[in-house]
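Starting from the given sequences, assemble the full structure and let the hints guide the process.
Number of protein chains: 2
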Amino acid sequence: MGRTSDAREKILDAARTLIELRGYSALGVAEICKAAGVPKGSFYYFFASKEALALAVIDEHWAAQERDWKRILSGQAPPLQRLRRLFEATEATMRTGQRSCGSVAGCLFGNLTLELSNQTEAIRVRLQEIFDVQVEMIEAVIAEAVAREEAGVSDTRQAARSVVAQLEGQVLFAKLYNDPQRMGALWAGCLALLGADAPGEVAAGL
Amino acid sequence: MGRTSDAREKILDAARTLIELRGYSALGVAEICKAAGVPKGSFYYFFASKEALALAVIDEHWAAQERDWKRILSGQAPPLQRLRRLFEATEATMRTGQRSCGSVAGCLFGNLTLELSNQTEAIRVRLQEIFDVQVEMIEAVIAEAVAREEAGVSDTRQAARSVVAQLEGQVLFAKLYNDPQRMGALWAGCLALLGADAPGEVAAGL
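Protein chains in written order, with our numbering: chain A, 1 to 206; chain B, 1001 to 1206.
What the hints contain is simulated information worked out from the structure, not anything from laboratory work. Note that CB positions come from ideal geometry on N, CA and C, so glycine has one too.
BS3-like, lysine-lysine: derived pairs with alpha carbons at most 30 Å apart:
1) B:K1034 to A:K50
2) B:K1050 to B:K1010
3) B:K1050 to A:K50
4) B:K1040 to B:K1050
5) B:K1050 to B:K1034
6) B:K1050 to A:K34
7) B:K1010 to B:K1040
8) A:K10 to A:K40
9) A:K10 to A:K50
These stretches of chain A come out as covered by chain B in the derived footprint (C-beta under 8 Å, 3 or more residues):
10) 15-29
11) 96-106
12) 111-125
13) 153-164
14) 169-178
15) 184-193
Encoded structure:
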């Protein structure tokens, strides 16, 4: 039992790393199993297909990221400070990834969206669900900031979508220029999007 | 001569369509030649490698897009109106693509950035050059708007990067949800990023 679930975890870990490095389409099951150090025969014991594996990789990555987002966004600090910490944590994750593999891998969900969302309906639906939850989590924080008169937007849903779009766009540039510092512009952009025109005060409160 | 360059154009057209539909990694030279209706042997007469083909696809696509951007951004209308027209043209392109192939293909450069930029240095450099030019073109318009006191940003370069990031992020969502209307939020987000807080007036001027 222990060894069986070990093999599944090893396949998932190897697949996530390889997908981050080289995308999904370029990978074969044999290569994933070789990287995981498990016999190819065991792959189909755990996963019905390469697509099923991709969905499991997405689910596992999101389970961890959702935990992080909830922890960061649900603290006692003022809402915009929590949002800023989320961006700082995202940038820190990119720095860690860059140190370990030499290049910024970007956002697994953004990468798979642009690579696969118009090819694989199951993956598209799963990624939509994840981004919907991300937008909802950000929207709740924006609504808090609006209630405290620390943000000035009328449509909190649209503002949350713009913030997540800005995040994905800046992550794209961080990957393209292999430079996590590109994320530095995110906070100023976010404040502008939220009609929160006192970035100095918020920053000073951190 | 005519037939030779026809074959090159056919390969380029087929490759661009296939890359937009399925990404770069999943494609093989044989498949591209089959879709182009040219013998596989002729591929290497025109292109040293699949990577060389991808670079040619990128260059050709950018040559056309840069022409469009220059035309739209260099008109006599006020700067923010020209910027808005650029976004409207981008959304229109996505609608046309969706009508012809059923799904929003997104931005070729954004797609290839997330799929390839940490794998293929030559492609990374080319995509960096393209996004650098996009940012410069947008920055020039923002600087005009600032000079006319129609925008209120101090760092026009950073503002331009945020606008292009916002564009790429919203295109990502348009692709994920297969819905060009997602781009509708782009203009409000852009005005916020530019500290241009009179969207009603600008819209009314169109």
